[in-house]
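Take these sequences, add in the hints, and give me the full structure.
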Amino acid sequence: MILGTLEQSLIFAFMVLGLYISYKILDFPDLTVDGSFPLGASVVAISLVHGVNPIIAMILACIAGGLAGFITGYIHVKYNITNLLSGIIVMTGLYSINLRIMGRSNIPLFNVDTIFTSGNSLLKIILLLIVVKLILDLILKTKFGFALRAMGDNETLLVSLGINEKKIKIIGLMIANSLVALSGGILAQYQGFSDIGMGAGTIITGLASIIIGESIFKEMKFINMTLLVILGSIIYKFIISITLMMGMNPGDLKLITSVIVVAIMGTKSLKRVKRGVKFA
Amino acid sequence: MLNLLRLNNLNKGFTNSFGKTKNIFTNLNFHMKKGDFVSVIGSNGAGKSTLFNLIMGSTELDQGEIVISNKNIGDFPKYKRNSFMSKVYQDPSFGTSPSMTVFENLSMADNKGEKFGLTFGLNKKRKKYYKETLAELDLGLEKQLDTKAGSLSGGQRQCLALIMATLKKPKILLLDEHTAALDPKTSKIIMKKTDDIVRKEKIATIMITHNLQDAIDYGDRLIMLHEGNIILDIDKEEKKNLSVEKLLDLFNNKNIKLKDNEVFTV
Numbered sequence: 001m002i003l004g005t006l007e008q009s010l011i012f013a014f015m016v017l018g019l020y021i022s023y024k025i026l027d028f029p030d031l032t033v034d035g036s037f038p039l040g041a042s043v044v045a046i047s048l049v050h051g052v053n054p055i056i057a058m059i060l061a062c063i064a065g066g067l068a069g070f071i072t073g074y075i076h077v078k079y080n081i082t083n084l085l086s087g088i089i090v091m092t093g094l095y096s097i098n099l100r101i102m103g104r105s106n107i108p109l110f111n112v113d114t115i116f117t118s119g120n121s122l123l124k125i126i127l128l129l130i131v132v133k134l135i136l137d138l139i140l141k142t143k144f145g146f147a148l149r150a151m152g153d154n155e156t157l158l159v160s161l162g163i164n165e166k167k168i169k170i171i172g173l174m175i176a177n178s179l180v181a182l183s184g185g186i187l188a189q190y191q192g193f194s195d196i197g198m199g200a201g202t203i204i205t206g207l208a209s210i211i212i213g214e215s216i217f218k219e220m221k222f223i224n225m226t227l228l229v230i231l232g233s234i235i236y237k238f239i240i241s242i243t244l245m246m247g248m249n250p251g252d253l254k255l256i257t258s259v260i261v262v263a264i265m266g267t268k269s270l271k272r273v274k275r276g277v278k279f280a
Numbered sequence: 001m002l003n004l005l006r007l008n009n010l011n012k013g014f015t016n017s018f019g020k021t022k023n024i025f026t027n028l029n030f031h032m033k034k035g036d037f038v039s040v041i042g043s044n045g046a047g048k049s050t051l052f053n054l055i056m057g058s059t060e061l062d063q064g065e066i067v068i069s070n071k072n073i074g075d076f077p078k079y080k081r082n083s084f085m086s087k088v089y090q091d092p093s094f095g096t097s098p099s100m101t102v103f104e105n106l107s108m109a110d111n112k113g114e115k116f117g118l119t120f121g122l123n124k125k126r127k128k129y130y131k132e133t134l135a136e137l138d139l140g141l142e143k144q145l146d147t148k149a150g151s152l153s154g155g156q157r158q159c160l161a162l163i164m165a166t167l168k169k170p171k172i173l174l175l176d177e178h179t180a181a182l183d184p185k186t187s188k189i190i191m192k193k194t195d196d197i198v199r200k201e202k203i204a205t206i207m208i209t210h211n212l213q214d215a216i217d218y219g220d221r222l223i224m225l226h227e228g229n230i231i232l233d234i235d236k237e238e239k240k241n242l243s244v245e246k247l248l249d250l251f252n253n254k255n256i257k258l259k260d261n262e263v264f265t266v
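In order, the protein sequence lines correspond to chains A and G.
Count the first sequence with the working numbering and you get residues 1 to 280, in order.
Count the second sequence with the working numbering and you get residues 1 to 266, in order.
Be aware that a few hints might be false.
With a straight-line cut-off of 30 Å between C-alpha atoms, the simulated BS3-like cross-links for lysine-lysine are [unchecked claim]:
id: 1; chain 1: G; residue 1: K171; chain 2: G; residue 2: K115
id: 2; chain 1: G; residue 1: K115; chain 2: A; residue 2: K141
id: 3; chain 1: G; residue 1: K143; chain 2: A; residue 2: K24
id: 4; chain 1: G; residue 1: K169; chain 2: G; residue 2: K34
id: 5; chain 1: A; residue 1: K141; chain 2: G; residue 2: K169
id: 6; chain 1: A; residue 1: K141; chain 2: G; residue 2: K131
id: 7; chain 1: A; residue 1: K78; chain 2: G; residue 2: K20
id: 8; chain 1: G; residue 1: K125; chain 2: A; residue 2: K133
id: 9; chain 1: A; residue 1: K271; chain 2: G; residue 2: K148
id: 10; chain 1: G; residue 1: K124; chain 2: A; residue 2: K24
id: 11; chain 1: A; residue 1: K167; chain 2: G; residue 2: K71
id: 12; chain 1: G; residue 1: K127; chain 2: A; residue 2: K221
id: 13; chain 1: G; residue 1: K125; chain 2: A; residue 2: K141
id: 14; chain 1: A; residue 1: K221; chain 2: G; residue 2: K143
id: 15; chain 1: G; residue 1: K124; chain 2: A; residue 2: K221
id: 16; chain 1: A; residue 1: K166; chain 2: G; residue 2: K148
id: 17; chain 1: A; residue 1: K166; chain 2: G; residue 2: K115
id: 18; chain 1: G; residue 1: K148; chain 2: A; residue 2: K141
id: 19; chain 1: A; residue 1: K167; chain 2: G; residue 2: K125
id: 20; chain 1: A; residue 1: K141; chain 2: G; residue 2: K168
id: 21; chain 1: A; residue 1: K271; chain 2: A; residue 2: K24
id: 22; chain 1: A; residue 1: K167; chain 2: G; residue 2: K168
id: 23; chain 1: A; residue 1: K124; chain 2: A; residue 2: K271
id: 24; chain 1: G; residue 1: K80; chain 2: A; residue 2: K141
id: 25; chain 1: G; residue 1: K115; chain 2: A; residue 2: K24
id: 26; chain 1: G; residue 1: K148; chain 2: A; residue 2: K167
id: 27; chain 1: A; residue 1: K24; chain 2: G; residue 2: K127
id: 28; chain 1: A; residue 1: K24; chain 2: G; residue 2: K78
To be clear about the criterion: a stretch of chain G counts as covered by chain A if any three or more of its residues have a C-beta under 8 Å from a C-beta of chain A, and this derived list gives those stretches [unchecked claim]:
id: 29; stretch: 80-86
id: 30; stretch: 96-107
id: 31; stretch: 117-131
Worth flagging that the hints you see were computed from the coordinates, not collected in a lab.
Ideal placement from N, C-alpha and C gives every residue a C-beta, glycine not left out.
Structural data, given as structure tokens:
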């Protein structure tokens, strides 16, 4: 039970890392993730059914996710569609695309080779997560990473440094959504099926993980943002599995998640008002 | 042809929601030499900010051309113009990235106009230079390289913004009332630092100010805009004998119905 929850939370952590890029760094509430998560699962599922190597299938999922992010970013910067709406549009479109990719609403993966067919699955997930986290940490320390961070912080400054802000936005969303798709692809292999409905509420799950991580670990200097996000995702999953163990109806989970998000955000803003800090 | 910046026959009008067009500029011409430091004064609505927005590409031009170093930059997108020009805003928060440290901000500014690729972001080679430059300001910034820019005071942030804007020598520096939001003491420090940098690096600078004394004390050319026209253009020699009273007299002689106390602060 604990092992399963841990494994699941680490799989979700890939998605949360992606959301951390779009939501936290770029300041872009990207709803595309609700579509790119099952997109990754669909791509992996259909590839595996056709006998593609699981690693290559996951790379394909990343590319597909990146494309989804590209479209969201492109329609946002090119046609001035607001960031929320751009995400919703692409997410809605992706529903049909995912159905097209899979050919039906559900593909079981019990008789095909996945990355979890042999060996220790927890170890594999942890290794992959560490690699992705370290790469992300490195990217954020490069000049490009600085530009990403400045983008969400102060767009005026980014432009004044002679950087094409539109390009940065699009690339950021591409990275974010390829991570989300990767997460979906891994989860499909882990649970043994891909389902058209598995993306619903992805953004809220990710958001809950990020803000839980932030509210617990923010003050600790030795925990950097990517680690904080991963820890948040683990804690969130454990909260959920504890509520399930207490006999909660699984159908109520999404509602619980929403309530958690509002509760944490609400207490944060109340604290700020008490301290007399003005809202920025 | 020697002029660095040439604004030729600029036309710009704004259409309000009732479909009525108000012209800000009608055939405005303005030339500026390399290394010129021009202060611009004028009442509200004179077109000062619009002038900056047109140069920087924040507002689209109706007609005319903006030529910098013999290149018409009229079609350049905003970010491209920013790769060789800099602007310091009135609001200190525009010039820095608040969640990034002073060191990170400076390293970014040092890469202005160049590729932001996958090479290491912090510019450790220049750390010593940053420290020295910050120490000259005497605001204690040199000890705060690892502080987030958002935790600095307004004055400190504006200093940082000014240094960031000039770290990579721009062809043209635009200052949009960049000391107006600060207390008198910090405002003076920044004004002095601005003058130092502009003289030392010989950066062509246009400064909008509401402070007539500053407009007289700093810069080697003074321009007054009124209703989209340049009604006064005072050169270096004339400027030496200028005082605030004389300047106000000059306005009145031009028959501008301006109550000095209302519009200008001395």
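Do the alpha carbons of K141 (chain A) and K169 (chain G) lie within 30 Å of each other, as the hint requires?
25 Å, holds
K125 (chain G) and K141 (chain A) were given as a pair; does the straight-line alpha-carbon distance stay at or below 30 Å?
The given pair, whose Cα atoms are some 16 Å apart, holds under the 30 Å limit.
Hinted pair K166 (chain A) and K115 (chain G), Cα distance within 30 Å
15 Å, holds
Does the structure keep K124 (chain A) and K271 (chain A) at a Cα separation of 30 Å or less?
Between K124 (chain A) and K271 (chain A) the Cα gap is close to 41 Å, so the pair fails against 30 Å, i.e. violated.
Taken at face value, is the distance from the CA of K221 (chain A) to the CA of K127 (chain G) at most 30 Å?
23 Å, holds
For K271 (chain A) and K24 (chain A), compute the direct alpha-carbon distance and say whether it is at most 30 Å.
20 Å, holds
Does K24 (chain A) pair with K78 (chain G) here, judged by a C-alpha cut-off of 30 Å?
25 Å, holds
Is the straight-line distance between the alpha-carbon of K80 (chain G) and that of K141 (chain A) 30 Å or less?
24 Å, holds
Take the stretch 80-86 of chain G, compare each residue's beta carbon with every beta carbon of chain A, and decide whether three or more fall closer than 8 Å.
holds (count 5)
Taking beta carbons only, do three or more residues of the stretch 117-131 of chain G come closer than 8 Å to chain A?
holds (count 6)
Per the coverage rule (Cβ-Cβ under 8 Å, at least three residues), is the stretch 96-107 of chain G covered by chain A?
Coverage by chain A holds for the stretch 96-107 of chain G (7 residues, Cβ < 8 Å).
Would you mind confirming whether the straight-line C-alpha gap from K271 (chain A) to K148 (chain G) stays at or under 30 Å?
22 Å, holds
Hint violations for this structure: number 23 only, all remaining hints satisfied.
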